[in-house]
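Peer 1: Residue strings, one per chain:
2 protein chains.
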Amino acid sequence: MSVRMAVFGLGSMGHGMARSCLRAGFTVHGFDVVAEHVARFVAEGGKAGDVAEVAPDLDTVVVVVLNAAQVESVLFGADGIVPRLRKGATVMACATVPPEFAKDMECRCNSHGVHYLDAPISGGSVKAAEGKLGIMASGSAAAFTALAPILDATAETVFRLGDVAGAGSAMKAVNQLLAGVHIATMAEAMTFGMTQGIKPDVFVDVIAKCACNSWMLENRAPHIVAGDYTPHSQVNIWPKDLGIVLETARTAGFHAPITETALEQYKRAVAMGLGHEDDAAIAKVYAAEAGLVLPEEKQ
Amino acid sequence: MSVRMAVFGLGSMGHGMARSCLRAGFTVHGFDVVAEHVARFVAEGGKAGDVAEVAPDLDTVVVVVLNAAQVESVLFGADGIVPRLRKGATVMACATVPPEFAKDMECRCNSHGVHYLDAPISGGSVKAAEGKLGIMASGSAAAFTALAPILDATAETVFRLGDVAGAGSAMKAVNQLLAGVHIATMAEAMTFGMTQGIKPDVFVDVIAKCACNSWMLENRAPHIVAGDYTPHSQVNIWPKDLGIVLETARTAGFHAPITETALEQYKRAVAMGLGHEDDAAIAKVYAAEAGLVLPEEKQ
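Chains as they are written, first to last, in my numbering: chain A, 1 to 299; chain B, 1 to 299.
By construction, these hints were calculated from the structure, which means they are not laboratory data.
Just so it is clear, the structure is predicted and the values come from calculations on it, not from any experiment.
Accuracy of the hints is not assured; some may be wrong.
In the DSSO-like style, the derived pairs of lysine-lysine whose C-alpha atoms are separated by at most 30 Å in a straight line are [claimed, not checked]:
{"hint": "1", "chain 1": "A", "residue 1": "Lys267", "chain 2": "B", "residue 2": "Lys209"}
{"hint": "2", "chain 1": "A", "residue 1": "Lys267", "chain 2": "A", "residue 2": "Lys103"}
{"hint": "3", "chain 1": "B", "residue 1": "Lys199", "chain 2": "A", "residue 2": "Lys240"}
Isolated chain A, as found in the complex (with noise of 0.2 Å):
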């Protein structure tokens, strides 16, 4: 199957799937504010290009980027692609966004006779790189059957959760209230048993084979016990996605103390300049407040 396509942002998650696409043969076109990795993007076997030139041309645009305003950016901004595209075409969002947003995102696309498919995607950067992420996904039958070649390429399992945009990224909301608590609440309970004398590798390889374990723990965890706070997701997610889990709740009259709890948490990582580490680091937050000493730092 021909699918010529464009991906914006080719960060660690659009990278991966821009890749997924390549290896199923489609004509994918990258672009990313960062000249490297369109440059690395293209040494892989992707095109550049202009998105004037290339926008006629494309199927499927699938848009990977950080936030809200620049999936604004990317399809209707001064340079935005939506109102240069055929109509049919359909334009794939991947970031985490409010729900509400999502759905005005549709709307104006269909404004344009363009397809839209509210699509965040959960995994991380390895799993994309597989193409097998989870996609949380709501749309119009033809969004998703526009869309099929591309799911298949780069998830491992798709949700379909509606027929309209913002379902998708309600459920994204929820799944990103429980992985941010748990990563904290895994660095308060780590921390806490310090204090206990519990050493951090004993606190893994106790709770991982107990009813106290979650997922981000298990992943999370080891990376405070090797010292090794790559950023494989940052921190500085997290202000973000808990901020979207609290607008959006707080616009339904719904109070969510204990995401509030962990959002303040993370605040303090970035204020004490932990952003760019991975999230594993909050744990430094606990033990700079109880003077704990964590295992030493990979170099």
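Dock chain B against the given chain A, drawing on the hints supplied.
Peer 2: This is chain B only, laid out in the frame that chain A set:
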């Protein structure tokens, strides 16, 4: 191997452990303040009896009561059993208690020539009945050796956490911090999702396959979907156990804000009269506040 033992506390956990010991062929005397619990156990092959009469012949006393005050009463109260045990007998203490309390009990038992194992349990009533608990144990080599048959009969996994009491209870406190927060966070996420149109059964279907899953979420969220609040683990456990965590943290100069916030939610549940329901009923706190209707309750 012939073991003569007593189990104090024949509730959901103690009853399962006592039956597992019967299956192993031990002579088991059961004690409980609830006469029906003792009668049920006698009908199953256990023995009742008088503490003063039974004590001198016992090898082992297993204490599976609710809290530290009950442990102290069983061991050293007016009819306390420890002063009546032969030298070289062993106490295995399974309640969730502060680590400092466990150290104190070990010291007082030792002064009577009695071994002590700090042995909090994890896994719930089903695993207790199957003899497949997780036991977070610390104590002297003599205590571990003497209790080997009991541990074999009741546990799937014994975590050997150190050679003095306190380490087992510290790990249990870490376990309860995580478990208590994970249950409350599950409720927060599920009800938040409901405000965005995500039905509880869809929440369970999607989230259990994602990186935001936790053991507790997977175990407890289906109770809410089924409207089944049969108390496998009561709301009332959490104000007690998270209270132990926070008291232990305070003594160590450690601040645990997420745990504090979760504790407040459990206290709200108790204030709503939900203390004796399954702990998944904490979702009712969120639902009441946000005006959401949870799945219909089984009667």
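Peer 1: Can you confirm whether the C-alpha distance between Lys267(A) and Lys209(B) stays at or below 30 Å?
Peer 2: 29 Å, holds
Peer 1: Hinted pair, alpha-carbon criterion (30 Å max): Lys267(A), Lys103(A). Please report holds or violated.
Peer 2: Given pair Lys267(A), Lys103(A) holds - Cα atoms ~29 Å apart, limit 30 Å.
Peer 1: Within 30 Å, alpha carbon to alpha carbon, are Lys199(B) and Lys240(A)?
Peer 2: At roughly 25 Å apart (the allowed maximum being 30 Å), Lys240(A) and Lys199(B) satisfy the hint.
Taken one by one, the earlier hints all hold for this structure without exception.
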